[in-house]
Amino acid sequence: MNNTPLSTTASDPKRRNLRAPIVIALAVVALGAPMVLGTYAVHAMVIALIFLLPAHGLNLLVGYTGMLSLAQAAFFGLGAYASALMSIHLGTSFPVNMLAAIALACVIAVPLGIPALRLRDTSFVMCTLGFVIIGQAISKNWISVTRGDMGLNNIDKPTVGLAGYSWTASNPVEAYYLALVLAAFATWVFWLVVRSPAGRNLVAIRENETLAESLGIPTWNYRLAAFVIAAGFGGAGGSLYVHYISVASPLMFQTLYTTTMLIIVLGGGAGSITGVIFGSFLFVALSEGLRIAPELRMIAYGLSLLILVFRFPQGFAPFLMRIWDWAGGVDKKEGSA
Amino acid sequence: MYFLLEQILNGVSSGAVYAIVAVGMTMIFGVMRAINFAHGEYYMIGTFGGWYATSALGLPYPAAILFGVAVTIVIAYVIGKFVMQRMIGAPVEASVVATLGVSLVLQNTAILIFGGSYKFFSAGYIEPVFFGDVGIAQQRLLIILVCILVFLGLELMVGFTRMGKTIRAVSQNIEACEVVGIDVKKVVMTTFILGTALAGFSGILTAPVNVSVYGGMGEIITFKTLPIIVMGGLGNVRGTLAAAMILGIAESLVAGHFGLQYRDSVGFITLILMLLWRPHGLFSSRARF
Amino acid sequence: MTSGKVSVLDIKGLTKTYGAVTAVDNVDLHIDHGEILGLIGPNGSGKSTFFDCSTGLATPDSGSVSLEGSDITNWSLNRIAREGRMLRSFQKTVVFKKLDVEENLVIAGQMFTFPSVLSTFSVGKRSRMRIEGLRKHARELIELTGLGPVAHMAAGNLSGGQQKLIQFASMLMPDPRLIMLDEPMAGINPKLVERVIDTIRYANREMGVSFLIIEHNIDVVTSLCSRAIVLDQGRKLCEGTPAEVIANKQVREAYLGG
Numbered sequence: 001m002n003n004t005p006l007s008t009t010a011s012d013p014k015r016r017n018l019r020a021p022i023v024i025a026l027a028v029v030a031l032g033a034p035m036v037l038g039t040y041a042v043h044a045m046v047i048a049l050i051f052l053l054p055a056h057g058l059n060l061l062v063g064y065t066g067m068l069s070l071a072q073a074a075f076f077g078l079g080a081y082a083s084a085l086m087s088i089h090l091g092t093s094f095p096v097n098m099l100a101a102i103a104l105a106c107v108i109a110v111p112l113g114i115p116a117l118r119l120r121d122t123s124f125v126m127c128t129l130g131f132v133i134i135g136q137a138i139s140k141n142w143i144s145v146t147r148g149d150m151g152l153n154n155i156d157k158p159t160v161g162l163a164g165y166s167w168t169a170s171n172p173v174e175a176y177y178l179a180l181v182l183a184a185f186a187t188w189v190f191w192l193v194v195r196s197p198a199g200r201n202l203v204a205i206r207e208n209e210t211l212a213e214s215l216g217i218p219t220w221n222y223r224l225a226a227f228v229i230a231a232g233f234g235g236a237g238g239s240l241y242v243h244y245i246s247v248a249s250p251l252m253f254q255t256l257y258t259t260t261m262l263i264i265v266l267g268g269g270a271g272s273i274t275g276v277i278f279g280s281f282l283f284v285a286l287s288e289g290l291r292i293a294p295e296l297r298m299i300a301y302g303l304s305l306l307i308l309v310f311r312f313p314q315g316f317a318p319f320l321m322r323i324w325d326w327a328g329g330v331d332k333k334e335g336s337a
Numbered sequence: 001m002y003f004l005l006e007q008i009l010n011g012v013s014s015g016a017v018y019a020i021v022a023v024g025m026t027m028i029f030g031v032m033r034a035i036n037f038a039h040g041e042y043y044m045i046g047t048f049g050g051w052y053a054t055s056a057l058g059l060p061y062p063a064a065i066l067f068g069v070a071v072t073i074v075i076a077y078v079i080g081k082f083v084m085q086r087m088i089g090a091p092v093e094a095s096v097v098a099t100l101g102v103s104l105v106l107q108n109t110a111i112l113i114f115g116g117s118y119k120f121f122s123a124g125y126i127e128p129v130f131f132g133d134v135g136i137a138q139q140r141l142l143i144i145l146v147c148i149l150v151f152l153g154l155e156l157m158v159g160f161t162r163m164g165k166t167i168r169a170v171s172q173n174i175e176a177c178e179v180v181g182i183d184v185k186k187v188v189m190t191t192f193i194l195g196t197a198l199a200g201f202s203g204i205l206t207a208p209v210n211v212s213v214y215g216g217m218g219e220i221i222t223f224k225t226l227p228i229i230v231m232g233g234l235g236n237v238r239g240t241l242a243a244a245m246i247l248g249i250a251e252s253l254v255a256g257h258f259g260l261q262y263r264d265s266v267g268f269i270t271l272i273l274m275l276l277w278r279p280h281g282l283f284s285s286r287a288r289f
Numbered sequence: 001m002t003s004g005k006v007s008v009l010d011i012k013g014l015t016k017t018y019g020a021v022t023a024v025d026n027v028d029l030h031i032d033h034g035e036i037l038g039l040i041g042p043n044g045s046g047k048s049t050f051f052d053c054s055t056g057l058a059t060p061d062s063g064s065v066s067l068e069g070s071d072i073t074n075w076s077l078n079r080i081a082r083e084g085r086m087l088r089s090f091q092k093t094v095v096f097k098k099l100d101v102e103e104n105l106v107i108a109g110q111m112f113t114f115p116s117v118l119s120t121f122s123v124g125k126r127s128r129m130r131i132e133g134l135r136k137h138a139r140e141l142i143e144l145t146g147l148g149p150v151a152h153m154a155a156g157n158l159s160g161g162q163q164k165l166i167q168f169a170s171m172l173m174p175d176p177r178l179i180m181l182d183e184p185m186a187g188i189n190p191k192l193v194e195r196v197i198d199t200i201r202y203a204n205r206e207m208g209v210s211f212l213i214i215e216h217n218i219d220v221v222t223s224l225c226s227r228a229i230v231l232d233q234g235r236k237l238c239e240g241t242p243a244e245v246i247a248n249k250q251v252r253e254a255y256l257g258g
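Top line first, the protein sequences correspond to chains L, E and X. Under the UniProt record's numbering, the first residue of the first sequence is numbered 1, with each subsequent residue one higher. Under the UniProt record's numbering, the first residue of the second sequence is numbered 1, with each subsequent residue one higher. Under the UniProt record's numbering, the first residue of the third sequence is numbered 1, with each subsequent residue one higher.
For reference, chain L alone in the conformation it holds in the complex (with noise of 0.2 Å):
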């Protein structure tokens, strides 16, 4: 291994550079897949592109910068139960739900990110749990806001207005295009946090700390920075979530939401974008489409979980690297480290 190269860029010119053609025909999928799909499978897949949006802020964490938080689903959570009690008192349409559901998560995130970034491994993992029960107890106690365990009922369906005119998603085709708009912009704006000069003092927080701080990168500032915003990609996946499904409740606090995204993010690759991608069809829409018994469905899970750790530790983004230098005609002469 010592000396070889991480990728070769010699391309073998006998081949044609498939990388164009694959983009396009998944663009032409992605669009066009509620024409051919049920409606069972366009749901699932609407649910897929909803929690694509939580997964991204948990892989700017746990891929980027090497910190396992059990929180999304509490600012997934606080998203959902922000946008669904302004939607029913104040009126407000889903963009401004939306917009003032990402903002509540991310100064929320401040106060419980201060002193829960103190901590490390096991006792930081503890803390953002614990974030997620008290949700939990908040959602189910505080009657007079959240009317407990009845939760928030009939929610309106996602609306966008515009100058005049307005549209309401409100069928699982429709809401599979708001969706998929909102999921390709959230992944855009995650790829330029990512890409930027910030995301790459993220990876040398996430190779090594110390040495991040002895180059002048203030380490505190930067793990906050993340944590709140995987706060504001959680509550916005949240808010999407309660207008599609019209309904917030405690359960959005269940171990099963936490598990989903960890799913997602570890499955797909956590560190690079396209495996969680992959990671939320291939999880989500794919175990929603399934129409087994729901404890057949979490025995599933539970033994991908299994499989991943045991098999898969990267997850599934080398099987796709693999895949797009083969597209684009790169020889790897050695697998890479």
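Derived by calculation from the structure, the hints in this document are not laboratory data. Careful: at least some of the hints might be erroneous.
Simulated restraints, written as ranges between beta carbons of each label pair [claimed, not checked]:
#1 Gly133(X) - Ile22(L): 29 to 37 Å
#2 Ile182(E) - Ala243(X): 29 to 37 Å
#3 Gly133(X) - Leu276(E): 39 to 47 Å
#4 Val107(L) - Val6(X): 54 to 62 Å
Ideal Cβ positions, reconstructed from N, Cα and C, are used throughout, including at glycine.
Given the coordinates of chain L, assemble chains E and X onto it according to the supplied hints.
Just chains E and X now, kept in the frame of chain L:
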């Protein structure tokens, strides 16, 4: 006054339950540095075993205890072989994900086999005994007694038996143990089975008091034991006992004064407040056992 | 900056205890502009603790550290590096293992090019220009340290000596005023020792960087340093030119008797 005393006594008995479950979890953490998110599931399995033994097989309660613990051990052996032994030296993320996976599988398999509805556990010794005006169920006294015996037993085991000493050695320095030729895999397996058997045992002991038996019951126990083991100083047995008692009593007082619905969040709120005050736990994790 | 003779680094009465052990006991030290100062002493003499306390990695119990006249005693490691342009290496070589050499150097330069944490989140034209500038600078330093052929390899796949050079080149990225090296020659190929010495000299002469070097290899100290300080059991034993220090009887006793 009697009300308060009764609450504290009830708190001690729930603390005893938490302590028996948490001590296993903390010992498992000690030897393999892995958080076991599935730990509560063994409590659930033990309870289901006991329930099945009394209601379907018609066994008396003491036999049901043995049956439930045996079932837990068999399942723990399989999980230990295929999952836990492979987690030795794995990063924190891996252990979180793998044990969450185990938890999903065990919980939903139980629901698949026995159905999702609540079952009624009718065995045990639930008649109250009175000390003056303060009443407490016999079963609760039994739990407290068992807790004392379990902790005495663990202290003796760690202090005087070869296996106990090895467990302590592995929790203190796993690399050194590998170097001197201790079979770490075997130690992990033994600790895991001991820890989960205690969880299962605790489940059957508590069943007569809790009465209801259902597939999701382990998750709540996991979420109560997690803050306890962190507060107790991960891997620290005595610290875990103290933290479990503190949580049991605090829960009982909160339930009595603010309402039952707040009880389940006491653990994590206490944990977060404590971490703010002392980021390394209430009890040092360096002073294991 | 100042016309009077202000040292680059001036440390007074630095003390650090761990429990009952006094690791560093009331040590004074100053480094003049353009100087290469050697810090030697037997194992456990407190050199590394002294390093950690003066660079913000550990907090001293008492004493003061001032950089070009301003007090930096309680500054954090990252602030000392960023605002003081005083950088340090680690005894056990550390690089960003999964990143390539060029990326390692770009990271090292970022906080000195961008004015704030917030500005590093920008992906605008100005930000891209800054990064382009950093890449150019990184390539120059890669050539200077002879890492050109491996510039795009993952740092973790390179030899120990090459990693030391990466670490050294990283510290040159921000145009530092002072570099503190913790055993730069330990465990590296003798062929690379010469290259490291040359690079230190070059940085000292052409870039005006002052150095504090912990080193066991007495030949290296003699050839590089104009002055050396010996620590023993947390105290300053003696100070002088390398030749004087080697000739000192107490120093011989400390090394042989320790």
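Fill in: Violating hint indices (sorted, rising)
The structure breaks hints 2, 4; every other hint is satisfied.
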